[in-house]
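A.B. asks: Protein chains in written order, with the working numbering: chain A, 1 to 438; chain B, 1 to 438.
A few of these clues could be false.
Copies of one chain are not kept apart here, so a pair can be met inside one copy or by any two copies together.
Stated by the list, open to error - With a cut-off of at most 30 Å between alpha-carbon atoms, the simulated DSS-like pairs for lysine-lysine come out as follows:
| no. | residue 1 | residue 2 |
| --- | --- | --- |
| 1 | LYS293 | LYS253 |
| 2 | LYS173 | LYS270 |
| 3 | LYS293 | LYS269 |
| 4 | LYS20 | LYS293 |
| 5 | LYS173 | LYS269 |
| 6 | LYS270 | LYS293 |
| 7 | LYS336 | LYS20 |
| 8 | LYS253 | LYS20 |
| 9 | LYS172 | LYS293 |
| 10 | LYS293 | LYS181 |
| 11 | LYS173 | LYS293 |
| 12 | LYS270 | LYS172 |
| 13 | LYS253 | LYS419 |
Don't read these hints as lab results, they were simulated from the structure.
Protein chains: 2
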Amino acid sequence: MTPLRVAIIGLGTVGTGVAKILLEHPDRMIRQAGRPIELKKAIVRDISRPRDITLPESVLSDDVQSVIEDDEIDLAVQLMGGIDPARKIMLSLLKAGKNVVTANKALLCEHGDELFQEARKQNRCIAFEAAVAGGIPIIHALGQSMTANQIVSIEAILNGTSNFILTEMLDKKRTYEDVLKQAQELGYAEADPAMDVDGTDAAQKLVILTQLAFGTKVNLEQFTRSGIDNLNLEDLEYADELGYKIKLLAVSKLINNELELHVQPTLVKKDRPLAAVDGAFNMVAMEGDAVGKTWYSGAGAGQMPTASAVVSDIIDIAIGRAQLGFDQLDLWQKQKPLPVCAADNITSRYYLRFHIEDKPHVFADIAAILGNNDISLASIIQHESSEDNVASNKSSAVQVPLVVMTHRTSRGNLISADKELEQLSSISAQRICLPVAD
Amino acid sequence: MTPLRVAIIGLGTVGTGVAKILLEHPDRMIRQAGRPIELKKAIVRDISRPRDITLPESVLSDDVQSVIEDDEIDLAVQLMGGIDPARKIMLSLLKAGKNVVTANKALLCEHGDELFQEARKQNRCIAFEAAVAGGIPIIHALGQSMTANQIVSIEAILNGTSNFILTEMLDKKRTYEDVLKQAQELGYAEADPAMDVDGTDAAQKLVILTQLAFGTKVNLEQFTRSGIDNLNLEDLEYADELGYKIKLLAVSKLINNELELHVQPTLVKKDRPLAAVDGAFNMVAMEGDAVGKTWYSGAGAGQMPTASAVVSDIIDIAIGRAQLGFDQLDLWQKQKPLPVCAADNITSRYYLRFHIEDKPHVFADIAAILGNNDISLASIIQHESSEDNVASNKSSAVQVPLVVMTHRTSRGNLISADKELEQLSSISAQRICLPVAD
Chain A
1 MTPLRVAIIG LGTVGTGVAK ILLEHPDRMI RQAGRPIELK KAIVRDISRP
51 RDITLPESVL SDDVQSVIED DEIDLAVQLM GGIDPARKIM LSLLKAGKNV
101 VTANKALLCE HGDELFQEAR KQNRCIAFEA AVAGGIPIIH ALGQSMTANQ
151 IVSIEAILNG TSNFILTEML DKKRTYEDVL KQAQELGYAE ADPAMDVDGT
201 DAAQKLVILT QLAFGTKVNL EQFTRSGIDN LNLEDLEYAD ELGYKIKLLA
251 VSKLINNELE LHVQPTLVKK DRPLAAVDGA FNMVAMEGDA VGKTWYSGAG
301 AGQMPTASAV VSDIIDIAIG RAQLGFDQLD LWQKQKPLPV CAADNITSRY
351 YLRFHIEDKP HVFADIAAIL GNNDISLASI IQHESSEDNV ASNKSSAVQV
401 PLVVMTHRTS RGNLISADKE LEQLSSISAQ RICLPVAD
Chain B
1 MTPLRVAIIG LGTVGTGVAK ILLEHPDRMI RQAGRPIELK KAIVRDISRP
51 RDITLPESVL SDDVQSVIED DEIDLAVQLM GGIDPARKIM LSLLKAGKNV
101 VTANKALLCE HGDELFQEAR KQNRCIAFEA AVAGGIPIIH ALGQSMTANQ
151 IVSIEAILNG TSNFILTEML DKKRTYEDVL KQAQELGYAE ADPAMDVDGT
201 DAAQKLVILT QLAFGTKVNL EQFTRSGIDN LNLEDLEYAD ELGYKIKLLA
251 VSKLINNELE LHVQPTLVKK DRPLAAVDGA FNMVAMEGDA VGKTWYSGAG
301 AGQMPTASAV VSDIIDIAIG RAQLGFDQLD LWQKQKPLPV CAADNITSRY
351 YLRFHIEDKP HVFADIAAIL GNNDISLASI IQHESSEDNV ASNKSSAVQV
401 PLVVMTHRTS RGNLISADKE LEQLSSISAQ RICLPVAD
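Okay, chain A solo, but in the shape it has when bound (with noise of 0.2 Å):
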């Protein structure tokens, strides 16, 4: 049996778990695969920096060229995050005939077309099963099991942090900051956790989802993104008072053969299934138009989550199925493009969230602002402000919060009203607007 021959470049957290399986499992990928899995290579940046696995002799070092040029590697596991140099990297991989398994959804999002071409053209294949939703197989879901379908719609919880923050402000009644920090502590956020809790994550994996399950080149310009950063616990528990959970929702739809896409803080109903994923859980809701309604969760990343969809592809390239499949993804490259719905037509139901003064008139002003715009209320919550508010508001209008739930409406509609609305003395600055799931 010859062995296929794997190089990991960057032995991080994710790394060192394919890693562990490897070392730990040779029997099992032997079963698995049909042959051994041999480690040849973890490529790092420090060699002398102290790490939580003992690697055989000669396996470690910092020489990226040294596996680029190493004829016997058959499979590089792409493991560095970032465009630069990981772009570069993965070229020259392609290029010296290795087949690559990758993570970085930031560099497939970006610059897949290139890489995917240049696989091609060297006859050998990118699996990526790692790169969205970690241990969930959505790739293989997506590019395998759905065939026989025309996907219809994606609406996923595809950034474990955001979703742990989420579920730890609700169900403890903590502001966004201090949960936030926790979550940092605890390892779920990075030291800079900016692109988890934007939405930019997300919308990464969401452009690779939609390429694969429509066939069609879209990117992140294309469409609105907007993160969990400017939410208050107020806005979960109104949410919740509604019969609502907010998530941080990723969706793709195909509309009249136009692609509706956004990441977006969504109010979901709390009898679907996506508003049941709590903490760093992630879960695919997926339509095709044969299979109807599937779902699929689990851990959205960590070490060993994300190891075991790496591996898994790793054996799949040992078998050669990867390769097989590799060629008929319809993935940037097959279809025509799909066009993208301008954001402003977009329509929803939506949750808006003011603080008003509690004064005559004020309600009256906004609700002719939304009619005006064509938006219609559904429903509106108003709370009685407390004695104390009131006492210790004697001086100034004492503000009191809004909430108000609209029929279906196009957000050009709403942003016109959003303009008017920002004129309005009486309605603090920070306005809420949220849609609402389907």
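Knowing the structure of chain A, use the given hints to seat chain B on it.
C.D. replies: Okay, now just chain B, sitting in the frame of chain A:
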């Protein structure tokens, strides 16, 4: 592009769905499979029967031999139910050099080893995504996406009819008999629903999943199976009161290198994803040593969901991917068989429900018997008997329900306690005993 030529054996609900996808979406098939998929034959018992699909001339036939003898046909979709003559036909198809796609779980459960050996001998493959959990791609997930893992446990809702009945009973406060009749009218339940409601269908699917997950041979005789046909609405209601849903749960777990297997109505905590699966849906919760827990759900039966799974297998064979995978499947042959834990040694918490006479000492007698058999009580529900009940039963002793939740104990202890309880004249004959999921 050489087309893949396909014959469908059995044009019932699912067969018609498969034919519809192949005939209505030839472009999709080419895009996904890289070549046309041509429906060359559809074999039925009675050609004259009116059908809800129009087939090209020359496709419909009642002569299965014409498929076996047609060397142009590469692949047979075997959708005949039952064991005979399905088994013989499938062997003939394999011997004639055809790859086979099937949804027949009973046949795979009973004769999988013979069929798989024949397929390997002929260098052909059997694909069976549709045999378990309909449109949910659980066979792909287990056989391909989880290969990096040692599977630790599978807990699944695999019979949509049973789940539909349980959901309707509790939601609408209806009796088992009443809902079963409706399920038959809706087409969810067969005219003879015995295999669905007595746990056999779920057990057959569990055998397939277990063999795939653990690479071991098991059969129906090795484990406890019971169905929902003995449950009363009151049990669903007591479970609800205690914070549980009752689900027909198929369980396969690796504990101390022994397999624990059973199919039983089981109490599942309401906050678990399995408890939230309502109606005719299925869910598989699977735990691997690297990936942790993952969940898969969707339509477990029905024309188009099952056809979606069948067609994804056809496409996999057209690409050549299924063949590579089949050679690696840990199924019916490779590993040493794992021992199956004797039913009496399996431990669990239990829900016990009795109808007892409302008079002194009855509860003390029950508690003594349970205690003598090493069963300790975690909680008890006994509601006051209503005045009506008391009034209408003046002549005889009033029967009241008693519900006991036990701490963890073995099934053996429970059975020996039950033998003693049977002797108590103050307990009515119907005693319900259900495990509680961990």
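A.B. asks: Now look at each hint and say whether the structure bears it out.
C.D. replies: For each hint, the structure was consulted:
Taking identical chains as interchangeable, the C-alpha atoms of LYS293 and LYS253 lie at most 30 Å apart whether they share a chain (13 Å) or sit on different chains (28 Å). When the C-alpha separation of LYS173 and LYS270 is checked against a cutoff of 30 Å, the pair qualifies both within a copy, at 18 Å, and between copies, at 23 Å. In the homo-oligomer, the alpha carbons of LYS293 and LYS269 lie at most 30 Å apart both inside one protomer (16 Å) and across protomers (24 Å), since each shortest distance falls under that limit. With identical chains, the CA atoms of LYS20 and LYS293 are at most 30 Å apart between copies only, with a shortest distance of 19 Å across copies and 36 Å within one.
For the identical chains of this complex, LYS173 and LYS269 are neighbours both inside a copy (20 Å) and across copies (24 Å), given an alpha-carbon limit of 30 Å. For a Cα distance limit of 30 Å, the shortest separation of LYS270 from LYS293 qualifies both inside one copy, at 17 Å, and across copies, at 22 Å. In this assembly of identical chains, LYS336 and LYS20 lie within 30 Å of each other by CA distance solely across copies; the values are 25 Å between and 42 Å within a copy. In this assembly of identical chains, the alpha carbons of LYS253 and LYS20 lie at most 30 Å apart only when taken from different copies (24 Å versus 39 Å within one copy).
With identical chains, the CA atoms of LYS172 and LYS293 are at most 30 Å apart between copies only, with a shortest distance of 24 Å across copies and 32 Å within one. Only between protomers do LYS293 and LYS181 lie at most 30 Å apart by alpha-carbon distance; the minimum there is 26 Å, versus 36 Å within a single protomer. Taking the closest pair of Cα atoms, LYS173 and LYS293 come within 30 Å of each other only across two copies (27 Å); inside a single copy the shortest separation is 33 Å, beyond that limit. When the C-alpha separation of LYS270 and LYS172 is checked against a cutoff of 30 Å, the pair qualifies both within a copy, at 18 Å, and between copies, at 20 Å.
Only within a single protomer do LYS253 and LYS419 lie at most 30 Å apart by alpha-carbon distance; the minimum there is 28 Å, versus 59 Å between protomers.
The structure agrees with every numbered hint stated previously.
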